[in-house]
Amino acid sequence: MLTVEGLNTYYGRAHILSDLALKATAGEVVVLLGRNGAGKSTTMKSVIGLVPAETGGITFDGARIDRQSPHRIARLGLGYVPEDRRIFTDLNVMENLEVGRQKPRDGAPTWTPERLFELFPNLGNMKDRPGGRMSGGEQQMLTIARTLMGNPRLILLDEPSEGLAPVIVEQMARTILQLKAEGLCVLLSEQNLHFAQMVADRAYIIEKGRIRYSGTMAELATDAAVREQYLSV
Amino acid sequence: MLANIVIQFMNGLAGASSLFLVAAGLSIIFGVSRIVNFAHGSLYMLGVYLAYMLVEFFGRSSIFGFWGGVLMAALCVGLIGVVIEIVVLRRIYRAPELFQLLATFALVLVIKDAALYIWGAEDLVGPRAAGLRGAVEILGKRFPQYDLALIAIGPVVLGLLWLLMNRTRWGTLVRAATQDREMVGALGVNQSGLFTGVFFLGAFLAGLGGAVQLPREPAQLALDITVISDAFVVVVVGGMGSIGGAFLAALLIAQAKAFCIGIGDVSIFGTVFSFSKFTLVVEFVIMAVVLVVRPWGLLGKQQGTQRGTFMVEPPLYPLNRNFWLAVLAVVVLLGLVPFGGDGYLLVLLIDIAVFALFAVTLHFLMGPSGMVSFGHAAYFGLGCYGAALALLKLKLPMELALFAAPLAGGLGALVFGWFCVRLSGVYLAMLTLAFAQIAWSVIYQWDAFTGGSNGLVGLWPSEWLKDRTVFYAFALLLCIGGILFLWRVVHAPFGYALRAGRDSALRADAIGINVRRFQWFGFTLAGTFAGLAGGLFAFSKGSISPETLAVPRSVDGLVMVLLGGVQTLTGPVAGAAVFTWLQDSIARNTEYWRAILGLTILVIVLAFPQGIAGFTKQVATRIGVMRREAA
Numbered sequence: 001m002l003t004v005e006g007l008n009t010y011y012g013r014a015h016i017l018s019d020l021a022l023k024a025t026a027g028e029v030v031v032l033l034g035r036n037g038a039g040k041s042t043t044m045k046s047v048i049g050l051v052p053a054e055t056g057g058i059t060f061d062g063a064r065i066d067r068q069s070p071h072r073i074a075r076l077g078l079g080y081v082p083e084d085r086r087i088f089t090d091l092n093v094m095e096n097l098e099v100g101r102q103k104p105r106d107g108a109p110t111w112t113p114e115r116l117f118e119l120f121p122n123l124g125n126m127k128d129r130p131g132g133r134m135s136g137g138e139q140q141m142l143t144i145a146r147t148l149m150g151n152p153r154l155i156l157l158d159e160p161s162e163g164l165a166p167v168i169v170e171q172m173a174r175t176i177l178q179l180k181a182e183g184l185c186v187l188l189s190e191q192n193l194h195f196a197q198m199v200a201d202r203a204y205i206i207e208k209g210r211i212r213y214s215g216t217m218a219e220l221a222t223d224a225a226v227r228e229q230y231l232s233v
Numbered sequence: 001m002l003a004n005i006v007i008q009f010m011n012g013l014a015g016a017s018s019l020f021l022v023a024a025g026l027s028i029i030f031g032v033s034r035i036v037n038f039a040h041g042s043l044y045m046l047g048v049y050l051a052y053m054l055v056e057f058f059g060r061s062s063i064f065g066f067w068g069g070v071l072m073a074a075l076c077v078g079l080i081g082v083v084i085e086i087v088v089l090r091r092i093y094r095a096p097e098l099f100q101l102l103a104t105f106a107l108v109l110v111i112k113d114a115a116l117y118i119w120g121a122e123d124l125v126g127p128r129a130a131g132l133r134g135a136v137e138i139l140g141k142r143f144p145q146y147d148l149a150l151i152a153i154g155p156v157v158l159g160l161l162w163l164l165m166n167r168t169r170w171g172t173l174v175r176a177a178t179q180d181r182e183m184v185g186a187l188g189v190n191q192s193g194l195f196t197g198v199f200f201l202g203a204f205l206a207g208l209g210g211a212v213q214l215p216r217e218p219a220q221l222a223l224d225i226t227v228i229s230d231a232f233v234v235v236v237v238g239g240m241g242s243i244g245g246a247f248l249a250a251l252l253i254a255q256a257k258a259f260c261i262g263i264g265d266v267s268i269f270g271t272v273f274s275f276s277k278f279t280l281v282v283e284f285v286i287m288a289v290v291l292v293v294r295p296w297g298l299l300g301k302q303q304g305t306q307r308g309t310f311m312v313e314p315p316l317y318p319l320n321r322n323f324w325l326a327v328l329a330v331v332v333l334l335g336l337v338p339f340g341g342d343g344y345l346l347v348l349l350i351d352i353a354v355f356a357l358f359a360v361t362l363h364f365l366m367g368p369s370g371m372v373s374f375g376h377a378a379y380f381g382l383g384c385y386g387a388a389l390a391l392l393k394l395k396l397p398m399e400l401a402l403f404a405a406p407l408a409g410g411l412g413a414l415v416f417g418w419f420c421v422r423l424s425g426v427y428l429a430m431l432t433l434a435f436a437q438i439a440w441s442v443i444y445q446w447d448a449f450t451g452g453s454n455g456l457v458g459l460w461p462s463e464w465l466k467d468r469t470v471f472y473a474f475a476l477l478l479c480i481g482g483i484l485f486l487w488r489v490v491h492a493p494f495g496y497a498l499r500a501g502r503d504s505a506l507r508a509d510a511i512g513i514n515v516r517r518f519q520w521f522g523f524t525l526a527g528t529f530a531g532l533a534g535g536l537f538a539f540s541k542g543s544i545s546p547e548t549l550a551v552p553r554s555v556d557g558l559v560m561v562l563l564g565g566v567q568t569l570t571g572p573v574a575g576a577a578v579f580t581w582l583q584d585s586i587a588r589n590t591e592y593w594r595a596i597l598g599l600t601i602l603v604i605v606l607a608f609p610q611g612i613a614g615f616t617k618q619v620a621t622r623i624g625v626m627r628r629e630a631a
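If you read the sequences in order, they're chains Y and Z.
For the first sequence, position 38 matches number 38 in the working numbering, and the numbering has no gaps at all.
For the second sequence, position 593 matches number 593 in the working numbering, and the numbering has no gaps at all.
The set of hints was computed from the structure by calculation and includes no laboratory data.
We put the CB at the ideal spot given by N, CA and C, even for glycine.
Be careful, since some hints might not be right.
Said to hold, decoys possible - From chain Y, some residues computed to sit far from chain Z (all C-beta separations above 10 Å):
no., residue
1, T3
2, R212
3, D223
To be verified - Taking CB as the label site, the calculated pair distances span:
no., chain 1, residue 1, chain 2, residue 2, range
4, Z, L2, Y, D128, 43 to 53 Å
5, Y, Y230, Z, V292, 48 to 58 Å
6, Y, S18, Z, Y496, 33 to 43 Å
7, Z, P155, Y, M94, 22 to 32 Å
8, Z, R507, Y, E118, 39 to 49 Å
9, Z, V331, Y, S18, 46 to 56 Å
10, Y, N36, Z, Y496, 28 to 38 Å
11, Z, Y496, Y, E5, 43 to 53 Å
12, Z, P295, Y, K127, 48 to 58 Å
13, Z, G197, Y, G6, 32 to 42 Å
14, Z, P295, Y, N36, 30 to 40 Å
15, Z, E122, Y, D128, 51 to 61 Å
16, Z, G197, Y, A225, 49 to 59 Å
17, Y, N36, Z, A152, 57 to 67 Å
Please put together the full structure from these sequences, using the hints given.
In structure tokens, the structure reads:
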């Protein structure tokens, strides 16, 4: 569904991603693991087109997207949930959802505010609350719900567990599994291995902008050396 | 008495409507695009002219003819806004914010000459509105029917805008894009379409604001600048991006103006105080007070930087040996000019030197200090008047009188700067504009002391400087000295502190830098040297007028700095030279020099978004003359 090959991305003259390659197939939850500053968020931003790749190919559903603008990529059914949530704080919950709304799409679940409030019951109780007066956890729910309003086939989740209370993190894990059950493909970035183990099928480990390891979660669970080298703090 | 007050109040309400329409358009455009559209007053002016033309065309005697003409005029202006957005602004959304400002300056020049070409220089008096030509009686006073209609238009448009912004998908997207347009794009919304729509709406409102004024004021070419400064004031007083705030501020300012005119001359303790003269500044006084008390306007909120437009200022290159050698070469070259060039060239070079110093002081504020000034001419003009008054009133010799120039400029900057450094960004820029306007209006109206609109004459240098060549050397020496001093300051610890404060006021504060105080000193330093430039200007011309500190002079300074490139040190000098030379050589050859200048600027903006000096640096890097700095 999503194929990234030979991706090189720069900020000015700083080389951030080097020959990065990864794949996500339909119905899969793939996690991109790595420490702070390893290049996880930049990978996400390169895929959605916010930080254009210098070289490399990105294919989504058979279409090349590496030279496309973000809004065109999003309209192909690729949803992006940013790490820092980027809620429209002056808009209320319903209006935030409205901004994300796109037409129903073949081969992807169709979301309405009502369906999303089943997934995130908290949001349903605060439809008129401005985004700026919500807690971090509520904002994290809203940013995912907002992206789902675009009826994506694949969703990029950038560190959804960051800064959340443990009970909310567990709720988040259940949500991701529900999305998977709906048939959505999820590419997620994480530092939290425990969280990743709850939701993901496969993992890539990224360090200094390069993919260092790739395997199933089961393989990673048995490979203590890899975990020690790339993930322990 | 009561009747008078009521009538003045009604006059204020009628004046507020048009002001609100323009300001609302400006505010909406700024919100989404973060472009401070200087051409907004020009769009208003086009609204008046087009309404004049279209009302004639549809028939001035029928109600349909009048209102049809007004609406068509507003729609046409809206379409002109769309063209501007697509042809010019869309190409430079990613350029630094100030460059977009430069592009809209250029548009002001082009639109003004286009209007001059189409409609001529004469004022055009519009027809009165068909069906509303009479007057109604209010408390025994006659009040025009048309003004009643105007009073209604403001609230009606406010209501419609509120519905559009809060009850439609388009409005929701606009409000979202005002906060984070990059995220809106990542959610699948085409920003270009949104921006074009916003420009249409903003330009339409400006055009409508102008068109409905047709029965009240004639169409004339000076409207663009007066209206844009009024609109800025309203938007800033109300709070950037707040439509309700714009409405409130328009009411407040229109009322204050109406009452100042209504009160007229009042005798207080035997001295006659003229309130009608006060109308020229009352709005700026209101703005200054509001900004000091509520820095983000009446209904405004502190605005974060628009996401996705964040630009890092590159560090300045150090003043190494090659730099000083290059400076020396330029000085030697300039020193040789009197032996080869004619007298006219010397006059032009003196102008260039004076404006180069002026531009460098403005750059000192905008670049290293991070404070954009829209009213920098105030300090230039204060220098002019300081020197002139010291010579004429205090009868000081010219050499001493010249000292009064930096003193006056510095003192003005010390006082105004104390207020200005309390703000940042667009608000700071607006406050500098307000102070410049206040200084201008005092000098313009104080006939007995400053000569009023006639200015002051008879400012000639001392005997030994009378010779053109000697004065050239004298001016060159002082200007180059001032420029080099400011460049050195940028690389001194003081300059580091200023740049640290610009890049992150919070972090600079946290490491013990009193950012505000440093900015205040920086502001004063820039004002002092701008004053020196003004003093030299006064003695090179022999006469001065209030124009030396009027808005167009401030705009000239901005254009010079931006044209040269605000991110480079030498850019402003190049910008001043090119601008002064262009203005001089084009103005001598054609009546439409503004349009040519404006088009030239547009071409430069679109072709080299990093300015002249930035462009040469890029070329120099590419061909290997200059080393690529380490990443």
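- prompt: Failing hints, ascending?
  reply: When the structure is compared with the hints, only number 12 turns out to be violated.
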